[in-house]
Amino acid sequence: MRSCLPLLPGSALRKRCFGVNKRSIVLKRTTKRKKVHSGGCKERDRGLVEKLEVMASPTEDHPPIGIDDINDESKKKKLNTDIVERESGGGEREMGHSIHRSGSRPQLDLSKAAIQGNFEEKDPTILLPNQSDDISHLALDIGGSLIKLVYFSRQEDRSTNGRRKKSLKEKFGVSNVNRRSYPILGGRLHFVKFETAKINECLDFISSKQLHRGGMDARHWNSDAPNNENAVIKATGGGAFKFADLFKERLGVSIDKEDEMGCLVSGANFLLKAIRHEAFTHMEGQKEFVQIDTNDLFPYLLVNIGSGVSMIKVDGDGKFQRVSGTNVGGGTYWGLGKLLTKCKSFDELLELSQRGDNRTIDMLVGDIYGGMDYSKIGLSASTIASSFGKAISENKNLEDYRPEDISLSLLRMISYNIGQIAYLNALRFGLKRIFFGGFFIRGHAYTMDTISFAVQFWSKGDAQAMFLRHEGFLGALGAFMSYEKHGLDDLMVHHLVERFPMGAPYTGGKIHGPPLGDLNEKISWMEKFVQKGTEITAPVPMAPPGTTGLGGFEVPSSKGDTLRSDASNLNVGVLHLVPTLEVFPLLADPKTYEPNTIDIADHGELEYWFTVLSKHLPDLVDKAVASEGGTEDAKRRGDAFARAFSAHLARLMEEPAAYGKLGLANLLELREECLREFQFVDAYRSIKQRENEASLAVLPDLLMELDSMNEEARLLALIEGVLAANIFDWGSRACVDLYHKGTIIEIYRMSRNKMQRPWLVDDFDVFKERILGSGDKQPHPHKKALLFVDNSGADVVLGMLPLARELLRRGTEVVLVANSLPALNDVTAMEIPDIVAEAAKHCDILRRAAEAGGLLVDAMINATDVNKENSSSVPLMVVENGCGSPCIDLRQVSSELASAAKNADLVILEGMGRALHTNYDARFKCDALKLAMVKNQRLAEKLINGNIYDCVCRYEPSNSKLQSSSLC
Amino acid sequence: MEGALQRQSEERDSGIMTTQPSADEVSHLAVDIGGSLIKLVYSSIDPNDGLDDKGKKSSEEFSRVPNDNNDYPVLCGRLHFAKFETSKINDCLEFISSKQLHRRGRWHHEASGQDKDIIKATGGGAYRFADLFKEKLGVSLDKVDEMDCLVSGVNFLLNAVHPEAFTYIDGREEYVQIDHNDLYPYLLVNIGSGVSMIKVDGDGKFERVSGTSIGGGTFWGLGRLLTKCKSFDELLEMSHNGNNRVIDMLVGDIYGGMDYTKIGLTSTAIASSFGKAVSENKELGDYSPEDISRSLLRMISNNVGQISYLNALRFGLKRIFFGGFFIRGHAYTMDTISVAVHFWSKGEAKAMFLKHEGFLGALGAFMSYETHGLDGKITA
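Protein chains in written order, with this note's numbering: chain L, 1 to 968; chain P, 1001 to 1380.
Chain P with its partners taken away, still in its complex shape (with noise of 0.2 Å):
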């Protein structure tokens, strides 16, 4: 599919190209702030189709596809993906502010006064920080279930953008095309700073069954105090280089080599994450960091994937699509959690990962404006 994801390391975003709307040149902002992101999508309205200067895809384009026998306006744009951490959420404001998303914030030209300065916005963050948005940028955040954003974010990138959905398995991408009508029901993991397990019968149908404290907060908050990196990318990027044999307690290392076979379990198996900590005479400076990481990144992928797959397996779910900012599109993360299904399914389940993955609540967001145009008909 020519709508492959972009990323703009500037303005960290990638966007995705829409049809043409019926309405005139407005966009929409809404905003996902998590514990330790804030996600940001907004429209843009770009009547030239494609590519930018540099011959690249900038954006994914959606086109009116028959869908049963309706057919619905459908935004002619682009939606801009963007993200900041919400430590710095003053970075995010003047973005917005330089960028004038807030005041744009409203559909129809012929929208009421009052509507014209509500943004859309979900996570937690939206209470927090409901009064310095009113007092930076002058605009009303519209609080929007967080579940709901989630659920109808991924309902909509499910339906409408292929591939969306892919398997991670041996370092290989591989897309699956889903059948819309046998999308549901599904087990929708959403691993942000805490994990969230989302049953999903339908749309708007949903809810959550599961979860786990153990999530992205804790990879990097328990990743910041071991090795002192500064972000989260940082620390994600130490973990391709990370061994860890070197903290992990191995099955082998317990039964000296040998495969515990009686158990199932090879000798590689982490038997205890960090369990090597304890026996050694070593303090916290002699690990290296990046097997820290590498540690504390299989500990947490291993532990989400099993919740995962003893909850779907629990609701007879088919299947499990994980997002959320800790994914991130990371290889080695994305193919522990879908070693860790695999492993626990006994190769029966599989793990499913959506391309989007850091923008669901955002996008969910987006689609709560009564009229975002991307209902339904949306294609690649």
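So that you can see chain L by itself, here it is in the shape it has in the complex (with noise of 0.2 Å):
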């Protein structure tokens, strides 16, 4: 905590004061919010779904809440569903307390429970944090060296409908709020590899989180059904066959075999259709994403390069044919390898051909032809003429070469073979696309770049390699595919969110690291793989980027030992699958909307932003910890996250593509989503709390100010204010020392005096024109606006709150589009209805406006009947964005916005993360007005060839084609 900060102690201190535990505070906040109004809503239950599992900390010993605590006859039946639901135990979140299991079922792990919600619910969902997360599915594939485990844990909805919800659902119709129809179940899909040698470890990780209790066809999909003792398990690979005793010895279930290769293509179809950016190209070392029309998917060419080669041409879903192969592939290399080199492991003589230089044992061109090219039929001199053509015709034997060079020349003559072979039979049949994928890839960056430059070496440039991030998984995602009810079949893209959290089972070309069952687990891990350096397997290596690039190939300077022979691998993360996520159906084209502003695949960009968070850790590490009461877990936790935070940006220096395409928007997220893997709800709770009171004080002058104004006046001191108070963010370095210097309406004074214009992107009279009109043309005002908000305190409460007024006063519906989680200083839409509620004192506008939204339900009897007596003021609502990023990416909001975007007319975006470093060149149908201060010089630069603290307005009609800022 920085001491020179006017911060009140907030939660940390009420904390100390009544001392109360995590869980309690929470049920304090809700409780107290209760007094304002009583919007109990969906997205307020998640978010503390959301905190109440991650703030259960095992190192804590609260006494749980007794089951008596609740008497209403509809939480018995929650409950009871939920021990049905819930009696398979352990989960992956099992925080540290085993699971006491007596003869009589069903039965719960109650330590910690906690109503979740307000008491005065109906039926407020009970949490469990110590009980496990259902998990649903497992599927296998077990390969002669690698297991690979795809397991879904259901991470349901459990939240009732809120009663701004209801009175939401009653706004934007039924159809789409909360949808019970869903297909898909919301859960996680998480990726994991053990080595077959380690068989008992893949066991004993199945057994610990009973991973095959949850088989497909058992209680989730049919509560009904009594727990399946025959459980069966979908397998494939190998494997299946040769391990279905252990299976069946160790976890009692049996191993369904499931068809290799439609495995591989229901799993390659399902990423390329479900995820974003799962294709990538790799020449020279370079990675570069590639997003397919999913309609223009098939057919392609899927080569899997295990120990033979399969070449199968994909028709669509469950039509392919295996049209070619190769008796040449991965078994060839290691086993040549291994009699020429005695390595011991296919790793181990991947690694060595880095070191490689091909040219001491093949034959080359030039060696042919004297050093020239022989440039007559295409071949450049260092084209390999015959492989191993060297070996024969000098006097030397197997121990004279260096097995670096042996290993280099195998592998190239085999990528080579398979790349040449794969592209002839694309050609024969058509096929725009080749995928390659299989063990012997394993993102091994030098093998992708040979197979890349043979298909375009002998298609003359024509066709690309393409390779799949989740390569590896192909097999266990088909597998899991095979289940009859996977729950997978609808997901679109939009519903899937990859994250990357630390600790989880590693999942890139080597293994993970232990299986880390809980938080305290997962610190102590951290903690020791701090110590002990890079001697520990890392989920994230720590090693300095230091790959050069040499002729064109990856040819990574030693690294010693310890780099991990995968460095250059992707990782896999954890796909979240969230049906309630929807495209937002404003965007203009969301085939071609590209949230990010800033490309940061660029290395400079890269580095820029890896200086920039690295330098705003400690001071974010002292907000997190004080907001959790400045507590030894708590400075435990907040090194933790320092560590894993910069291990993220460390692997991401190394090696920028490892998360897959990545923009700032999912680099700020990251860090948002890492605090909150070590349970750091919310950092600048108190923060937040603070600026929000000192602002909602000095609001009643501001608006009196306002309304004494005529109409043009006031918009432009409403959009100068909006612009004014968006200097308010504690993401900004550059005003975080600033808050040093004044308090916030002094800044605000300051900063609003300074709003000259023009500025640097001012369509501020176009925008005017549209709301006012031009003369005596009165224009018709907008039906409903969405104002996405930014901070909270003076940006929302001083700069959007009166904005959102003044459109409600000229009749305008507004919907205040704020983060579900929070970000940063980010005002969330929890926190939305306290600060309206506040504010609706001093205003009737506001009031008014907010009954007939329902946000002031508890002022009122209910919220329909405030409907009906109010139906002269258009209301005032709050959604959640369905984010938790100071950013926002339009092709993945709540469905909850997306059906209050429906009839709007009007969209207006907020703040640096979601009107310039994203969404600034997004088109809507709409009209949209941007507006920004630009708190960042760099950006400025970059973006509108301005300065720090310069300001952005753009308004951009729905009518304009392409709308050009008028730059000054």
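The hints are simulated quantities; they were obtained by calculation from the structure and are not laboratory data.
Among the clues, some could well be false.
Stated by the list, open to error - Only pairs whose alpha carbons sit at most 20 Å apart, straight line, appear in this in silico DMTMM-like list of lysine to aspartate or glutamate:
{"hint": "1", "chain 1": "L", "residue 1": "K342", "chain 2": "P", "residue 2": "E1085"}
{"hint": "2", "chain 1": "L", "residue 1": "K925", "chain 2": "L", "residue 2": "D905"}
{"hint": "3", "chain 1": "P", "residue 1": "K1099", "chain 2": "P", "residue 2": "D1145"}
{"hint": "4", "chain 1": "L", "residue 1": "K432", "chain 2": "L", "residue 2": "D296"}
{"hint": "5", "chain 1": "P", "residue 1": "K1282", "chain 2": "L", "residue 2": "D347"}
{"hint": "6", "chain 1": "P", "residue 1": "K1230", "chain 2": "L", "residue 2": "D400"}
{"hint": "7", "chain 1": "L", "residue 1": "K396", "chain 2": "P", "residue 2": "E1234"}
{"hint": "8", "chain 1": "L", "residue 1": "K396", "chain 2": "P", "residue 2": "E1085"}
{"hint": "9", "chain 1": "L", "residue 1": "K783", "chain 2": "L", "residue 2": "D905"}
{"hint": "10", "chain 1": "L", "residue 1": "K319", "chain 2": "L", "residue 2": "E399"}
{"hint": "11", "chain 1": "L", "residue 1": "K777", "chain 2": "L", "residue 2": "D844"}
{"hint": "12", "chain 1": "P", "residue 1": "K1228", "chain 2": "L", "residue 2": "E399"}
{"hint": "13", "chain 1": "L", "residue 1": "K342", "chain 2": "P", "residue 2": "E1283"}
{"hint": "14", "chain 1": "P", "residue 1": "K1282", "chain 2": "L", "residue 2": "D296"}
{"hint": "15", "chain 1": "L", "residue 1": "K342", "chain 2": "L", "residue 2": "D259"}
{"hint": "16", "chain 1": "P", "residue 1": "K1143", "chain 2": "P", "residue 2": "D1117"}
{"hint": "17", "chain 1": "P", "residue 1": "K1228", "chain 2": "L", "residue 2": "D400"}
{"hint": "18", "chain 1": "P", "residue 1": "K1282", "chain 2": "L", "residue 2": "D490"}
{"hint": "19", "chain 1": "L", "residue 1": "K344", "chain 2": "P", "residue 2": "D1286"}
{"hint": "20", "chain 1": "L", "residue 1": "K242", "chain 2": "P", "residue 2": "D1253"}
{"hint": "21", "chain 1": "P", "residue 1": "K1318", "chain 2": "P", "residue 2": "D1203"}
{"hint": "22", "chain 1": "L", "residue 1": "K396", "chain 2": "P", "residue 2": "D1233"}
{"hint": "23", "chain 1": "L", "residue 1": "K342", "chain 2": "P", "residue 2": "D1291"}
{"hint": "24", "chain 1": "L", "residue 1": "K460", "chain 2": "P", "residue 2": "E1207"}
{"hint": "25", "chain 1": "P", "residue 1": "K1228", "chain 2": "P", "residue 2": "E1085"}
{"hint": "26", "chain 1": "L", "residue 1": "K257", "chain 2": "P", "residue 2": "D1253"}
{"hint": "27", "chain 1": "L", "residue 1": "K344", "chain 2": "P", "residue 2": "E1283"}
{"hint": "28", "chain 1": "L", "residue 1": "K198", "chain 2": "L", "residue 2": "E348"}
{"hint": "29", "chain 1": "P", "residue 1": "K1136", "chain 2": "P", "residue 2": "E1085"}
{"hint": "30", "chain 1": "P", "residue 1": "K1230", "chain 2": "L", "residue 2": "E399"}
Given two chains presented individually in distinct reference frames, assemble the corresponding complex, making use of the accompanying hints.
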């Protein structure tokens, strides 16, 4: 905590004063809110679920809330359901408490149980933080060297309909709000690898998470079904036969063997359709992620390089044919390599190749033609004329050759050959795309490069080799999909969010760290990891970037023995299946929409943000620790968070493509997710609260001042106010420094006084004309405006709220769109009703609109009546945006926002994160206003050719084709 | 046909008898210096047809045949073929020197002085060893394009020598009569150290359309490293007695002895060459060289066969001729290539081989002498 900050200890203080545990604080918060209004609502509940889940720390020892606390009939019913669903026991968030099973079922681990939501609600969900998640499916791909697991953990939206939600439902029509008929279950898909030689680790892992108990047709899909003792696990790969008995013996489950090729194909089809930028090309060490139009996916060639190579023509789901193959594959590489080099493992052999020079063994065109290119046939001197051809003419024995060189020659021989045969087959069947997968590739940069090179060489640049990020998991995914009801059928790209938690069983080429059961283990492991450096197999390597390009191919400088052979491999995260996410319906062209304004694939850009985020880290950790009361536990978690996030950054510096296509938005969200991972629910909680209070205190004066103006002056003052108030941003270093120079209102006044038009991007006049009209022409007010708000405090209270009020006054419905989860000091959808309620005390316009929008139901008897009585006011509503990031990707927003957007005709995006870093170039079907103060010199220069504190007021009317902002 | 190829172990050559030349007792020498072998073709005047002392045919006889309505003067004599390992180039130079082949390296008496010390040469080594030839023999190598040589060599053989082309199925050679008017286009696969695949559309009309670096050099190179064999022939010889199942992973090894019929593979199909070496706790010394050689041969032959077929398919070529020193008339090699082509084409295509397969380049270089006398008119 920075001592210079006039920081109210907030929850930390409260915690100390009242001596209550964290769980109680949450309850207290909700209780407190209840006094103001009872806006229990879905997203609020979900937020709490998140909080409660993550806050339950294994080191705490709080008395559980007894079941007796709950006496409503419906609660019991809900409880029973939970019991039935949850009896499977210890899951991934076991939180360190072993589950004590007694003979009688059902049984629950009630420790730290808490009621979620308001006590007033009719059927609040009971959260059982120590009860395992429901694990629904497990599928395996047991290969010769690796076992790949794909399993699903169910993270259902357990919240009930909140009141705001109910009122929203009425507003937006029943159709889309909280639709219950989702074919997709919310949950997470996890990807884990084990070495086949260590199959017992795999069995322990399955057993510890009880993955085998959650077989497909067991309880979750059919609550009446008895626990199936003859559980079946879908599996593919050669080992599915080999280890069937072991699984039966150890876990009591039968293995249901699925056709390998069918699994590969359905796995690949799923990935290519459901995951954005799953495919990438790999040329000269550079990965480039490719988005493939799912309508134009088929037919393609899938080349699976295992021991041998299969080439499969895929024409559609379940429609495929093995058209070719070759016996020169991964087994040949490893087999010959083993005979020639005495390497003990495939990875070792692969790693050797990185330091090899194939020219000592291969006969090159130049060797034959005396160093000249044989240009007539298009071969350069360095083209391999004959693999291993030099070994014949020299008087050397096997021992005289370096194993490194042998490995490289082998690798190139086999990769080129596969690339060539694959290309010839693609050509033969007229296939546009060739995807390469299988264990031979393993994310190995050089292998991918050689294959790419071969395809490019033989196709004369017409074809490109493509690879898949989840390449190793095709078979396991396919086996997973072979369950009759796997729930993934209707999954769309926008339903999936990939997260990269630290210590989730790692899924690069080499194996995972230990399966981390709970946060405590995770932290311990992080601590150990730092102590011992890279000795421990890290989920994220700490090795500094050291990859250099040599001869067009990635030949990393020697990094010693600690280098993992898959340093260039890509991380595979946990796939969050969020069925409530939708594409923002007002996007002009969702297909071409790219949220990120600045591409951080550019190394300079990445480096800049690496520095910015690294510098900001200590301050953030201080805040986070303070927000949790500054306890020893919080400090420990804070340290772990710092290490974890630094490791993420280091990993990205080493391999920018490690986490897939990465924009700044993803990077910033990664930080928030990492905080949540270490159970920092809301690092800026107290700061936000303090600033909200301070701002609310001066709001009445501001409103009075505004009301004294004529409408033209007022509109300008309002926009100025939004821009001025946007200076309050804890995500910006420059602004954090400003905080030390004065109080909120002082800074706000100073900032507003500096708002000299013209701004650097200044479309205000166009906007004004649309709102106020020109001359005698009175324009129609907008029907409904969506206001994407940014920071807490002055930003929302003194900036956006007065603007909302103006729109309401003009008869425009206003929907305030805020984050579902905290990010920096951004205001969340959960917090806004409090703010509005407080503001409404001093403002009739806001009060009536808020009542009409059901935000102040507490004060009324119920929302529906309010609606009828106050039909004179257009409603003010709040919706969550579905994300927990300082930026927003409009391809994945909450269904609530999506339905609220349906009849909106004005979108206002405010703040750097949502209007500049992302969406600056986004086009909408309706009028759009983008407002932000640029609080970053580099961004100012890059984006608007301006300076720090310059302002952007970009207005794009819906009818404009390609509106150009007036740049001054 | 009477002109069967003879192997003369001492000289490692075989001859082709040509008809009486119009010129005097002169002969040509052309060399093809590859990465691993040097191939020589030279002509000698032998007015006496045919039989050597032992009564065996030691040469092939060419006679004039009516072709369209032109007659050409044709060389009468013998074409000799010889091979040396490139690493033993000095043996080769001595051979040339001892036979004074380089001294007769011109066709016409009246050939100008500049021409007299020139030998037509092709192959990469024509560049590499040019200085050596100059130094040791005092002759210049006149480099002739390798592909040109190959193609003209094959075109000559296919047009002039009968029987030259044959298929090899189940251990049986079967000579094929090819209609000269229906020869083109064809795919010529020359398996030297590496492999070139050439689409031939006519005399001098051809294009290198593909190739692979996995060729004869790979067989020999890898084979040497793996078996310590001293020569290519020794390695090839060993493969006869080998069993590739010891090292190769077969489809049956993966699918428990059952055929994986769904994808049309039998249990004996090789799933992964050398794939078994992975799983077994054996070292190089634990495998017999014979088995290794066999696996290697199958791997390479299979691969060449497959890529050749795919290229023939791509360009709609009816015939694939395989040549180059890798084949060497070696039955098992031809058999695996034939099987590969048969397998991948589902029986629609057949691999064909050439009797003089090792000497295409040298022959082509020989043909590149301005007036070599071999144009057209030669037959059996």
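Each hint, compared with the structure:
1. K342/L x E1085/P: violated, 31 Å
2. K925/L x D905/L: Satisfied, since the Cα-Cα distance of roughly 8 Å is no more than 20 Å.
3. K1099/P x D1145/P: violated, 26 Å
4. K432/L x D296/L: holds, 10 Å
5. K1282/P x D347/L: holds, 18 Å
6. K1230/P x D400/L: holds, 16 Å
7. K396/L x E1234/P: With Cα atoms ~17 Å apart, K396/L and E1234/P stay inside 20 Å; holds.
8. K396/L x E1085/P: holds, 16 Å
9. K783/L x D905/L: holds, 6 Å
10. K319/L x E399/L: violated, 49 Å
11. K777/L x D844/L: Between K777/L and D844/L the Cα gap is close to 28 Å, so the pair fails against 20 Å, i.e. violated.
12. K1228/P x E399/L: holds, 11 Å
13. K342/L x E1283/P: Status holds; Cα separation ~8 Å.
14. K1282/P x D296/L: violated, 48 Å
15. K342/L x D259/L: Since the Cα atoms of K342/L and D259/L sit roughly 34 Å apart, the hinted pair is violated (cutoff 20 Å).
16. K1143/P x D1117/P: Cα-Cα ~13 Å, so holds.
17. K1228/P x D400/L: With a Cα-Cα distance of about 13 Å, the restraint between K1228/P and D400/L holds, given a limit of 20 Å.
18. K1282/P x D490/L: Between K1282/P and D490/L the Cα gap is close to 49 Å, so the pair fails against 20 Å, i.e. violated.
19. K344/L x D1286/P: Within the cut-off at roughly 16 Å; holds.
20. K242/L x D1253/P: Holds - the C-alpha atoms of D1253/P and K242/L are around 12 Å apart, at most 20 Å.
21. K1318/P x D1203/P: Holds. K1318/P to D1203/P sits at ~17 Å (cutoff 20 Å).
22. K396/L x D1233/P: holds, 18 Å
23. K342/L x D1291/P: holds, 19 Å
24. K460/L x E1207/P: holds, 15 Å
25. K1228/P x E1085/P: Holds, because 17 Å separates the two Cα atoms, which is no more than 20 Å.
26. K257/L x D1253/P: holds, 17 Å
27. K344/L x E1283/P: Roughly 11 Å separates the two Cα atoms, so the pair holds.
28. K198/L x E348/L: Cα-Cα ~18 Å, so holds.
29. K1136/P x E1085/P: Distance of about 17 Å is within 20 Å: holds.
30. K1230/P x E399/L: At roughly 16 Å apart (the allowed maximum being 20 Å), E399/L and K1230/P satisfy the hint.
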